[in-house]
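A.B. asks: Based on these hints, arrange chain B on the given structure of chain A.
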Amino acid sequence: MAKRYSALSLLRHALLPSSPWPRAWRSPAPKSSYDVVIIGGGGHGLATAYYLAANHGIKNVAVIERGYIGSGNVGRNTTIVRSNYMIGGNTKFFEFSLQLWEGLSHTLNFNVMLSQRGQIGLAHNPSQMDVLARKGNIMRLHGIDAELLDRGQVMKLLPYLDYSDAARFPVVGGIIQQRAGTVRHDAVAWGYARAASDLGVDIIENCEMTGFTMEQGKVTGIETTKGPIRAGKTAIAVAGHSSHVAAKAGLRLPVESHLLQAFVSEPIKPLIHHVVSFGAELFYISQSDKGGLVFGGHIDGFNNYTQRGQLPKIQTVAECAVSLIPAVSRLRLLRHWAGIMDMTPDGAPFICGTPIPNLYLDGGWCYQGFKAIPASGWTFAHTVAKGEAHELNRCFSLDRFEKGGELDDHGAGNWNYKQ
Amino acid sequence: MLRITCPWCGERDYSEFRYGSDASKARPAHGTGDLKAWHDHVFLFDNPKGPHREYWQHVLGCRQWLVLERDTATNTPGAARSAREAAAKGGAGR
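Sequences listed follow chains A and B, in order. Okay, so the first sequence: first residue is 1 according to our numbering, each after it adds one. Okay, so the second sequence: first residue is 1 according to our numbering, each after it adds one.
No lab work stands behind these hints, which were simulated from the structure alone. Careful, some of the hints might be misleading.
Unchecked claim - Calculated lysine-lysine pairs in the DSS-like style (CA-CA distance at most 25 Å, straight line): (1) A:K248 / B:K89; (2) B:K36 / B:K25; (3) A:K403 / B:K25; (4) A:K135 / A:K92.
Looking at chain A on its own, in the form it has when it is part of the complex (with noise of 0.2 Å):
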């Protein structure tokens, strides 16, 4: 059991140098055997293994994680966690994911360093600010909040952007959500895995899962650089290669593998104080407790495994920059870095049983997978534990296409993030 971190802990190990900090969480060699296994030790595996200790009592449980905690995408985004979202299923999920991340130092006893910062998105024209203002009216319906912004206290806010009369795309307004703004994404991993450890979960680390272990058309287990593994339900959570790790069950999913870059400049001193988004094109951009300004926007547009970025983005996102803060124009760019994401055809995820008895899928995280960790655990551990969705997932199944319940936050499936 690793000691709790607090105030007093801090003092003794800076006073006592001589005794350094014990590991945060155990390391070790996999069982034979367990309740449940989830392949894929980033942070939707790790809170799903925390949350079936925690909530349900299902504390045999094994994450199996093919490099080390925090290599994959929970280490590999723009930290942004926020619950502005418009349509129903999304709507409560990302509140409920917002409300966890605001209890989730002391729910770890880890600091992830929450900074609720004001997530503001910009309009350039009326009709966008028609959206916005519907937008926040169905935020607020839901007890969400949202506060209108008009040009002037935009201005205010943000006085760094171009008004000028040059500008290619005006500034009318905006919306900001107070709540929102970003999180220590690799304290997120830390923190989990270890008060997951410490409710007796077993974190594999460097183990790669090699295939499913099949009986009469059921999951028994997986097989793994490590051995055999029995399980008595099995998790996918590997963002990206979901597709990858389903088609060694015969599964085909509804997803393509895209690659998201994203960029850090040198840094510099406070400039950007809130997470600020363009609404002329999908642009993003906040600055890091080191200064760094970390910003993003489109994905490649074409399905890839590489994990590495192509010029064209990098020359559209750093149009963006310039074109919305000129001020950011000579800055130096640290550097940049692809993710690879699960898109499927609607552009919402996947937290689900699956049509093969005991597998279960949490993938399909196109562009939201960051923010939606602290939910989609818990969600996720609520589907394995009782073998049904939870009511916050129910909209989240592999059957929607068939049945008519595609979750299609932008009208236009995954289409405008693939462009």
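C.D. replies: Just chain B now, kept in the frame of chain A:
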């Protein structure tokens, strides 16, 4: 940078093209197939990590549709040929 050799225009940056999905799937003939056959055709993908046959449209060039062979694990492009020709020869219906 991924470069695609358009059969009409020659080798160009991929940014002149728009991706148009998996070309290995054959569309069920109109008026045939049950709902499941159509669901599977429209929504399910093999999504392989490796060789992939796919549609691209040369939107900033001749606007023709192509079928390109590309390795999704390395981005190495193979031959591109006319989607019309590929469809006529069968196997790339759409």
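A.B. asks: Take the hints in turn and mark each one as holding or not.
C.D. replies: Do the hints match the structure? See the list:
| no. | hint | in the structure |
| --- | --- | --- |
| 1 | A:K248 / B:K89 | violated, 31 Å |
| 2 | B:K36 / B:K25 | holds, 15 Å |
| 3 | A:K403 / B:K25 | holds, 22 Å |
| 4 | A:K135 / A:K92 | holds, 13 Å |
In summary, the one numbered hint that this structure violates is 1.
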